[in-house]
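> Take the given structure of chain A and dock chain B to it, following the hints.
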Amino acid sequence: MMASLVEEAAQIHAQGLESNLQGGGIDEELELYQPFQKDQITLPEEVQCMAVKTLLHMCKIPFSLRLRANAENMSPSGGVPFIKVGPQIVSEFDPIVEYLDLKGISLSRELSGSQRSEMKAYMALTVNRLYSAEVYLSWCCETIANKVTKPRYGAPYPWPLNKLLPWYKQREAKKYLKVQGWLEKSQDEVYEELKMACKALSDKLDDQYYFFLDRPSELDALVFGHLYSLLTFQLIDDKMADIVNSFPTLTRFVERIQENYFIAPEMDDV
Amino acid sequence: MEVASGHNMSGHHHHHKHRREETTFDGSNYVKVEHIKVQGLDKTKNDFVVHQCKDLLKAATFKDVILSCQEVKQKLEQANIFKTVSVLIDTSKGPGVSKDGLDVIFKVKEGRRYSASAHTAIGNNEGSLVLGGKVGNVFGRAERLSLEYSRGSRQSTGYNLTFSKPVFNELSKRLTVQGFKSSGEYLLSSFREIGRGAYVDYTFPGPLGLQSLRWEGVWRELSCLTRASSFPVREQCGHSLKSSLKHIFARDTRDEPVCPSRGYLVKLSQEFAGYTGGDVKFVKGEGELQLNQYLFWDIVFSCSLQGGLMKAMDGNQARINDRFFLGGPTDVRGFNFRGIGPQDSGNFLGAESYWAAGVHLYSPLPFNPGKGRWGDLFRMHAFANAGNLCNVNLDNPNFPDQLRKLQENVRWSYGAGMLLRIGRVARFELNYCIPKAAQPTDSIVSGVQFGVGVSFL
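The listed protein sequences derive, respectively, from chains A and B.
Position one of the first sequence corresponds to residue 1 (full-length UniProt numbering), numbered consecutively onward.
Position one of the second sequence corresponds to residue 1 (full-length UniProt numbering), numbered consecutively onward.
Be a bit skeptical, because a hint or two may be false.
[As the list claims (entries may be wrong)] Pulled a few chain A residues facing chain B out of the computed Cβ check, cut under 10 Å:
#1 M58
#2 P62
#3 S64
#4 R68
#5 M74
#6 P158
#7 P160
#8 L164
#9 G181
[What the hints assert, rightly or not] If you want the footprint, here are the derived chain B segments under chain A, 3+ residues with CB under 8 Å:
#10 222-229
#11 235-244
#12 273-287
These aren't lab readings, by the way, just hints derived from the structure by calculation.
C-beta atoms are modelled at their ideal positions from N, C-alpha and C, and glycine is treated no differently.
Here chain A stands alone, though its shape is the one from the complex:
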């Protein structure tokens, strides 16, 4: 496993250097830290990392991707991914958006006040619902948790940590869901929630290219992160992908963003 991780790291490092040559709005090199993609990262983490990467691509900020097995522990907030610019470290999607805004880089600058608050509402409500559904399915759906999430989460560690740490993480996930009021839901109810969130997004998007105006906003980056991961992340069944696939507006949206912001070889890798 180590060999493949090292290989992956080297490959992505090389790509990072390439994309760096394009130049960008931040003077210093921006590094993005996340867990290993092939055999470690879990679905909710993958979603967050994909969203931030999309955001950076949309802002045309070059970055180098750094894969670390302990990325979660390195992050000051305990969440992945995090970015490092010089001595500064910022973790997770919202703070990264704020940080970029402070540096004068913002996707939603041209939105009107009401549009911006609408965007915030979608980010908070709809996208949060997607996130809770992902956490639920990853950690509380027994078959997925035992066959996919736990083995992946424990992959970098030796026995018995590879059993203990996923178990702790699962407890944490359940605590989060309990606070959100999701723990009592049944699996079918969660799939229903997922469907409703997709429907809300599909209705909002309608036949537009992006959610607001003719340009991408933070919402587009975040939604793409979720939908792309739901469509491609290898779980034991395709139920989640099938739900997203039942909304052609959304699949077309994913294809569009993918074509516009990701170069083909990078997509193969992620």
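Showing chain B alone in chain A's frame:
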């Protein structure tokens, strides 16, 4: 409990000799221990006590018996299970006993088996409060079971459950099993470490000194103390599992450990991590030497030398929580605790090799007030100490060149101060330090430095 010796030929032989010399009594008259009685046993098992008394049956003269009784008494006391031990020697009585027969009676009183305690303990550079409960003589063979919780002055906490027992009833050989959790904060390195683990330790006397063999398994969790922790420290955060085999050799001829006046200490340890599991792989060796020489007027000259070298065996640099650190008020004085060596943005990172040396001249307080009483708790000393901590590349074929790095940028300081001993293991030191050589990034203490510790350079 009674132990009866078998009648043997030598017993009769002694009998004849004794008759010839019965006029004088200098303790060399031949006797034979017929019975050993131990009175007052309740929980303690017979075989354990028999083992401690065995040698007494070999005593051939009255002097031997007395000395041997003393030894047995000491052993029984050392087992730490009896409140009192007294000895009574009597001539044998009853039918069929020989004229020179002796009966030895040990009267013991078993101590309380359960005890609770609250006390303060001193660690290196830290004091802590320890709460604990103990069960002595658990299965009747001087086993000990204890549970301790400690809370230190520097945010460290820990608890442990320890069971130890003599091996083959031999008090000098001890097997110890411990499960523990500990946490500590390292301010100058800006990280916090939580360790959960267990060890099995077998300590026994070897021909040259005390030997310990130990297996240790620890799950370590490292996290940054602040958001501003430097990136090389941040990169070390996360979980690791260390499984290591360790051998420790110690020969200690000092008259006492805190303020010795004569004798020497040699301590060597080797640790092999990662060969029995876990994801931390290194080989580590450390050595310590301390010599003490009494000069005159209670003035003692002492010098010590310490060193360590390690190599990570998995191709990376050793983890920060496995590396060596140097500096501190009971270490290389004139520097802050762990404040020497490689660092990044003010966070000390430790290194894979170090050495440190110190010379001291200890004396009693001027005019020796309170001699034999409180005055003995105090000492004055003048010292000079030096050391270096750096990374050497052991893969480099030019080995001597690498070790030469340890001779470059040597830190040293000198000073004088006063020390106060606490109990039999720890001491406070109040020193005035003058650092003479340091690197610009070192964290130095010029002037008064206060320290407390259990091991000293």
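> Please write out, lowest number first, the hints stated earlier that are contradicted by the structure.
Of the numbered hints given earlier, those the structure breaks are 1, 2, 3, 9, listed in rising order.
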